[in-house]
Amino acid sequence: MKRVETECTLTVNGVDHAVSGLHPGESLLDTLRERCGLRGSKGACEEGECGSCTVLVDGEAVCSCLTMAAAVSGRSIVTVEGIGEAGAADLQDAFLRAGAVQCGFCTPGLIVAADALLTRNSSPSVDEVREGLAGNLCRCTGYGRIVEAVLDTASQRREQP
Amino acid sequence: MTTTSTSERREVTAIAGGVGEPVLRPDGGAKVDGSFEFSSDRSVDGELWAVTVRSPHPRARILNVDVSAAVALPGVAAVITADDVPGVNGFGLIASDQPVFAVDEVRFVGEPVAAVAATDAETCARAAELVVVTYEVLEPLLDAERAIDGTFEPIHPDGNLIRHQRIVRGDSDFVGEVIVEGTYEIGMQDQAFLGLEAAVAVPDADGAGVELLVATQWLHEDRRQIATCLGVDEERVKLTLGGVGGAFGGREDISLQVHVSLLALVTGRPVRAAYSRSESFIGHVHRHPAAIWMRHHADRDGTLRKVEARFVLDGGAYASTSSAVLINAVTHAQGPYRCENAVVDGYAVRTNHLPCGAMRGFGVVQACFAHERQMDRLAAACDMDPVDLRLLNAMETGDHLITGQRVENVAPVARCIRETMALPLPEPETEDHVLSLPGGAGLTADGSVVRGVGMAVSIKNLMYSEGFDDYSTARCVVRDGRVALKFATAEVGQGFVTIAMQIARTELGLADVDFESIDTAVGSAGSTSASRQTWMSGGAVVEACRGVVGQILDQVATDRELDRDGLRIEGEWVTADGVPVVMVAEAVAGHLFEFTAEYHHPETTELDEYGQGDCHTAFAFTAHRAVVDVDPDLGLLRVVQIATAQDVGRALNPLSVVGQIEGGVAQGLGLAVMEEIIQTNGVIRNASFTDYLIPTIADMPPVVISLVEEPDPRAPLGAKGVGEPPCISVTPAIVAAVDDALRKAGRRVSPLTRVPIRPQDIALAGEGSTATVGS
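Just so you know, the sequences run in chain order V and U.
Residue 9 in the numbering used here sits at position 9 of the first sequence, with consecutive numbering throughout.
In short: position in the second sequence from 1, add 1000, done, that's the numbering used here.
Keep in mind that the hints were calculated from the coordinates and are not lab data.
Since the structure is predicted, the reported quantities are computational estimates derived from the model, not experimental observations.
Mixed in with the good hints, there may be bad ones.
[Said to hold, decoys possible] Simulated restraints, written as ranges between beta carbons of each label pair:
no.: 1; chain 1: U; residue 1: Ala1014; chain 2: V; residue 2: Thr119; range: 18 to 28 Å
no.: 2; chain 1: U; residue 1: Gly1029; chain 2: V; residue 2: Pro24; range: 45 to 55 Å
no.: 3; chain 1: V; residue 1: Gly37; chain 2: U; residue 2: Asp1149; range: 51 to 61 Å
no.: 4; chain 1: V; residue 1: Gln160; chain 2: U; residue 2: Gly1590; range: 42 to 52 Å
[What the hints assert, rightly or not] A few chain V positions that, by computed beta-carbon distances, are all more than 10 Å from chain U:
no.: 5; residue: Val4
no.: 6; residue: His17
no.: 7; residue: Cys36
no.: 8; residue: Ser41
The C-beta atom is built at its ideal place from N, Cα and C for all residues, glycine as well.
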């Protein structure tokens, strides 16, 4: 059985990663974790249900477990490791202060998804936060502190634009 | 007496970041920037990947296992089966009845038969498909009652009955003026922690031992079981806690630990493994599905006089912690209410279903659902308000359980009920946002939505029971003014590391607290389960710190020629008879102090044949009120609000307590309205997050919380465990609220009796009322 391989260049957090020996169907999540050494993005369902693997591709939040790495070659990818420098340090801090982090496994994906939400909508209502983050599962917190962290960040950004 | 210089600020105030403050978690920074290492994030140079080959049948005889084709695949380093287990081919928390790899017979779908180590995960998967197991399929035991009545042949050498416990107290012939009875069903729930099982095993230098990085709840117990299976001394097995992505009971049992350790020894190379979500569903134990019958007897005024109950817990193929789960269930049958007469029987049985064991609230979740549904039935039969009925019967300190045990703890049951009911109700919905309708965006209800309110109350035992000495160990070192704490307490996300840091600051008056690796290089901490670590490991940290405080004060007394008896640490100061003499940081400079402490809780006893004995260590109490909106036509519901008052003793970290409460409520809500593992003929049908639903952010209502703080004199620092109580009575409270809505809609008069509630339970007619009023 001949193994088909390809190569591509992934631009992650502003850094180019030349990836070779790539199976064409390999997920962006696996490539980030096992080939680029970026293990901040997590896998917890392998089918786009839990959101733990959320990354930004050209500013849009996607499930990296459902995205083929080869398909996002040359596009701008931001992961949790780069989201702080990309402008979400306040959101990270808000998650911590609000108590939105327990085991922390969902946290990388949630912070990326929440950042994308706030980019789309700088003044979300509670329902809009709930709707915007409904694709990210958390098993520890019951989500109350997460809603608070996102609303806090939005309100602080409004006060200090 | 030392005088205070006016040039110095010698004000004794509590140290910043000490006990009682909402201190932020020390691992939080790494968790928000992605640098925190979970067990699945660890890789080692030269590592092999491992995968488990599992049974497709719920029950079958193994005729042959042929690994030759798998071994021949390039890249495969080893394929192991039962023949390769060098020690005892059996593990388990209480009984060692579960094989590392099946021998002769498989007993559930997903039971490990072999394991493969290869150069990469893809080769592992291909090799696993080449392992040829020839089975003779046998009829599975799937009906728990047949395990009890003896009409099915033993499916395991230990038999089909894991444990039976009877409780008889008071007058077993007592007949009440009012009698209500019902039969209740609780579905199988999964812990569904986000961080899947993962581990890395590295053989040690001489290849006879192994170092294992794993996400677990109890390092030392894992070590005991692994060493037994490997046939090596425990000293040859070193465990380090990998970052844990949630646990909730599902990591208390062995899953992949022995497989990767044995493959590391066989291959002489590091071995890494990680479960998929579907494998995780069959690779760890679940909450026991239960069938519970209860009959309550009361006086006409609602005074509870007698509880009769029969519990059947389906333990699945292996024992795990079934016997402890059963004891929790039967001993909590009365709920947080006085009751002098009881006849209770409980059975934990073996079937060819998925094995069941610990999950948050183990046993008590099942009991509480039944007793709270009964209290609602009793209230209706006595024509009383359900709140008033519960207040009338509310347990107090000094009351007795049906085991004869006196409740010595602070027991603010009535206060929890009153404070819960006093919390504000939600405002009526003012706009028709799609998320505010039952069914949400996908299955939106129409205009016939009815709101209901229900409530429920729980009692939960804390720590282990039945004579088990689940002690905890902690070491405190003060060097160069910095504190270093060492313990083996599994930090699973609950925030014990935060609490430990706060305790050290308050006890020692030193701000800088570091943690050493959480591993087996120190004594056992016991399990991170049973709401026990704040009490047990918190107690160990308190005692270790106090040991060091004694050494510091000895030092100060000697250095400054002060009377030792008058010295204390208050805030950041050493004081003499209350007067500050030197800051602790200054007093400890240049010195090394070290103290290791073991904390033991008061002894408990086993139950006798009538279920009598002081088997539990301590108790905590909680009340929940639920508000729901129901569409009775479509069978849809939405939980609108949860209110809860919880007996926490003392909130060492209010932010952490709120996190435990909100998270626990979410899991109890999940059990009430959506979470159930479905098995057909022993085959799991929904082993994915597409099909096994857990609450999303859109499913979770606001949780309004009142912390009932009455410090418990029996608890270190007065603090009770807070992990399990939030997820127990919330489930029956939600179900009671749905009943209330259906009554208001004129749709249903008999109570809902199963969780999770399914659309057909709401939309279709239920059974008739079974309430009777005696003469």
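So, going through the hints one by one against the coordinates:
1. Checking the proposed 18 to 28 Å range against Ala1014 (chain U) and Thr119 (chain V) shows it is violated: the Cβ atoms sit about 42 Å from each other.
2. Evaluation of the 45 to 55 Å hint for Gly1029 (chain U) and Pro24 (chain V) yields a failure: the beta carbon distance comes to about 38 Å.
3. Between Gly37 (chain V) and Asp1149 (chain U) the beta carbon distance is about 58 Å. The supplied range of 51 to 61 Å therefore holds.
4. Taking the beta carbon of each, Gln160 (chain V) and Gly1590 (chain U) are about 45 Å apart, inside 42 to 52 Å as hinted.
5. Separation of Val4 (chain V) from chain U is adequate, the least Cβ-Cβ distance of about 13 Å exceeding the 10 Å criterion.
6. Listed as a non-interface residue, His17 (chain V) keeps its Cβ farther than 10 Å from every Cβ of chain U; the least gap is roughly 16 Å.
7. Every CB of chain U is more than 10 Å from the CB of Cys36 (chain V) (nearest about 12 Å), matching its label as outside the interface.
8. At roughly 7 Å from the closest C-beta of chain U, the C-beta of Ser41 (chain V) falls inside 10 Å, breaking its exclusion from the interface.
Hint compliance for this structure: hints 1, 2 and 8 are not met, and every other hint is.
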